[in-house]
Amino acid sequence: MHRRTVLALALGAALLASGCTGTGGSAKGARADAPTDPAAVSGTIKVLTQRTDLVQDGTMKKYAAAFNRTYPKVEVEFEALTDYEAEVKIRMNTENYGDVLLIPAVIKKNDYPKFFASLGSTAERARTHRFTGFTDVGGKVYGQSPIGVTPGFVYNKKVWRRAGVTRWPTTPAEFLADLKAIKAKTDAVPYYTNFAAQWPLTSWTYVDGSVGCDTGATTKLATGDPWASGADLRVGDTLLYDIVHQGLAEKDPTTTNWEASKPRLAKGEIATQWLGTWAVIQFQDAARQAGTDPADIGFMPFPAQVDGKFCAVVGPDYNQAVNVHSPHKAAARAWLDWFTDRSGYAADNLAVSPLKDAPLPTVLKPYEDQGVTFIELDDTEGAAVKEIDDQSEIGIYKPDYRQDLVDLARGARKGDLDGFLGGLGERWADARRTVESR
Amino acid sequence: MTDTATGEAPARLAAEPARAAPAPRRARLWRGVTPWLFLLVPLALLAVFTYAPIVNMVAYSFTDWDGVSPELRWTGTGNYTELLTRPELFEVFFVSGYYLAASVVQIAVGLYFATVLSFDVRFRTFFKGLLFFPYLINGVAIGFVFLYFFQDGGTLDSVLALFGRHPDHAWLGTPVSANVSLAGVSVWRYTGLSFVLFLGAIQSIPGELYEAAELDGANRWQQFRHIIAPGIRPVLTLSVILSISGSLSAFDIPYIMTGGATGTETFVIQTVKLAFQFNKTGLASAAAVVLLLIILAVTWLQRRLVPDDRVDLV
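Those protein sequences? They're chains Z and W, same order as listed. Counting from 4, one number per residue, gives the positions in the first sequence under our numbering. Counting from 425, one number per residue, gives the positions in the second sequence under our numbering.
Heads up, some of the hints might be wrong.
[Said to hold, decoys possible] Here are the simulated DSS-like cross-link-like pairs (lysine-lysine), alpha carbons at most 30 Å apart as the crow flies:
1. 186(Z) with 161(Z)
2. 186(Z) with 76(Z)
3. 697(W) with 112(Z)
4. 112(Z) with 389(Z)
5. 143(Z) with 223(Z)
6. 270(Z) with 183(Z)
7. 64(Z) with 359(Z)
8. 64(Z) with 49(Z)
9. 65(Z) with 368(Z)
10. 417(Z) with 254(Z)
11. 223(Z) with 552(W)
12. 65(Z) with 111(Z)
13. 254(Z) with 312(Z)
14. 697(W) with 254(Z)
15. 49(Z) with 183(Z)
16. 111(Z) with 697(W)
17. 552(W) with 417(Z)
18. 389(Z) with 552(W)
Please keep in mind that the hints were generated in silico from the structure rather than gathered at the bench. Predicted model only: the values in this text are computed from it and were never measured.
Working from the sequences, and respecting the hints, build out all of it.
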């Protein structure tokens, strides 16, 4: 008995010692400078990506081959991760997380310099590139999104036309009336929540900025109540509530299917989904496979206008960065720059290019015709918003509270909308006080 | 090298008794060490993959770690205080009630089939396989299969339609219906396990007992009541313990099928969300420790209430 306890104690102590090793190794001030001579850059770099589809179908290999025409001595390897966020988060406890990677949402902005190499000064890069503010720490840029996306409604033009709607609704009330017309005149499901897939519900947070056409919308989240009367999130959440409450969404949200929703929208069985520009190409592909016309896939802004004009927020997708521990920083930087500026990745995805002088993609042609104002949100308070969000456990970038909202709207949960949104506001305010007092 | 030395010992013992004296001691030493040598690898694996994570988890539960940040602050018992002062975090245990009720069904059904199939029945082996089969399927696959099963117009609705019933019911639509459906899936999955445990126990009961009982004119129910039930008591107790701890820590099926939406969130789902959604790894570790303690307490209580007696049928 005695010997056993001693052994257990020794074992426990050894484990405790090994368990508490820190993850230091912060090379402060590390930079990944753009190489001047492409022929001189060499090395094998590993690029982590969430695009499993593009790695499997060889598209990424094609990009790498094109890259090698300029940088012949750099070998690019890809590693596609299915559950990108969760897997990379764990790997980032070591130094081995690829040479080029997408910045996971969990990393605090102020920690960027500990994990990523700087890409140079923000002021300089902002002259040519978009979204530099999203990865700015102390005047330096730490990442660059290769595409810009705009949230909006993906819709089936034919279905909307059949319902007699020819122009974009300009207010939430008008939008609801149009969905009612679709329900009355067609067999299509007016709006599809994709409740079971969860993440599509999170796109409703990206109404932020579109409603009030305010570039400071994110700052407002950090300093005020996101669900105050007239605030962007309240307008968006109320619209979602009304859609479901008035029976304009699918009959059984709990068993929806994202993959199946694409061909269904293409075939006109579903009329509308709130997603983003990135989704358009996927729905067009689904239309091609289903044998319907890809040109029927339309894209419209949030039904709100300021001074008679719609507003569309252009925001970054995942930001690409260079691992601060990478032994081939020049090669990694070369890939990052080439992929952002010259690969054509943004155009291939019908997305907004991160280059300021690049033309808008064709999906957004109707936006240009209608004079939609494009804005880019100021992200200086982005880190604070995330911190308040985590502290409050609301999760504005997570599906949970919107699932609750949908449940509330269809009567599977007790309460009313005002009480629900008011409760969120209170939790948000409490969390803000806690975060500020730290 | 050393092996040959011990092997030669008896020969030397005969030739040189004086020098051979230490050999038996060494042999005794080796005899003591050998089992540990064999245990070295499994113990190392056990330590690295079972105990090290637990020790780590307990250590994290006293910090405010977010899961990635290189900096973590020692917060003492702060996480535990927070947990205990937020009763809403324990409300999710109501959901366990559904799984607890389901495990009663699971044990009853498993016991019934184990008893029936322990007697001579036609296609006995086939039915045994059939009943055990669901347990062999991966939980993730089961989750997806049953998503289609409960879908609007899915398998369940189609089957009901065959019998002329059109309930038009969203099976995962309301908290009660969703939890009952999910608990039903878990019954489907784990009945096979209960069944196999009971069958094994029943088959270890000597056959003469049945023969003797039959000669005495006992019917099947009496045989069950007086031979089988007392004979499998330890396994029955084990099953109850397993199903209680399983109900408290239900995770994979609800997580895959609903993600905890519509009132189906269990304690483990809540913990996972704290850790990976809201990046409160410290708090989530504390929650995991609390769950561990709750399960240990429940098990201990149960062992006290139902002591594990030796089975003595003869």
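Evaluated hints:
no.: 1; hint: 186(Z) with 161(Z); in the structure: holds, 14 Å
no.: 2; hint: 186(Z) with 76(Z); in the structure: violated, 59 Å
no.: 3; hint: 697(W) with 112(Z); in the structure: holds, 21 Å
no.: 4; hint: 112(Z) with 389(Z); in the structure: holds, 10 Å
no.: 5; hint: 143(Z) with 223(Z); in the structure: holds, 24 Å
no.: 6; hint: 270(Z) with 183(Z); in the structure: holds, 19 Å
no.: 7; hint: 64(Z) with 359(Z); in the structure: holds, 27 Å
no.: 8; hint: 64(Z) with 49(Z); in the structure: holds, 13 Å
no.: 9; hint: 65(Z) with 368(Z); in the structure: holds, 28 Å
no.: 10; hint: 417(Z) with 254(Z); in the structure: holds, 19 Å
no.: 11; hint: 223(Z) with 552(W); in the structure: violated, 63 Å
no.: 12; hint: 65(Z) with 111(Z); in the structure: violated, 33 Å
no.: 13; hint: 254(Z) with 312(Z); in the structure: violated, 34 Å
no.: 14; hint: 697(W) with 254(Z); in the structure: holds, 28 Å
no.: 15; hint: 49(Z) with 183(Z); in the structure: violated, 51 Å
no.: 16; hint: 111(Z) with 697(W); in the structure: holds, 18 Å
no.: 17; hint: 552(W) with 417(Z); in the structure: violated, 45 Å
no.: 18; hint: 389(Z) with 552(W); in the structure: violated, 53 Å
In summary, the numbered hints that this structure violates are 2, 11, 12, 13, 15, 17, 18.
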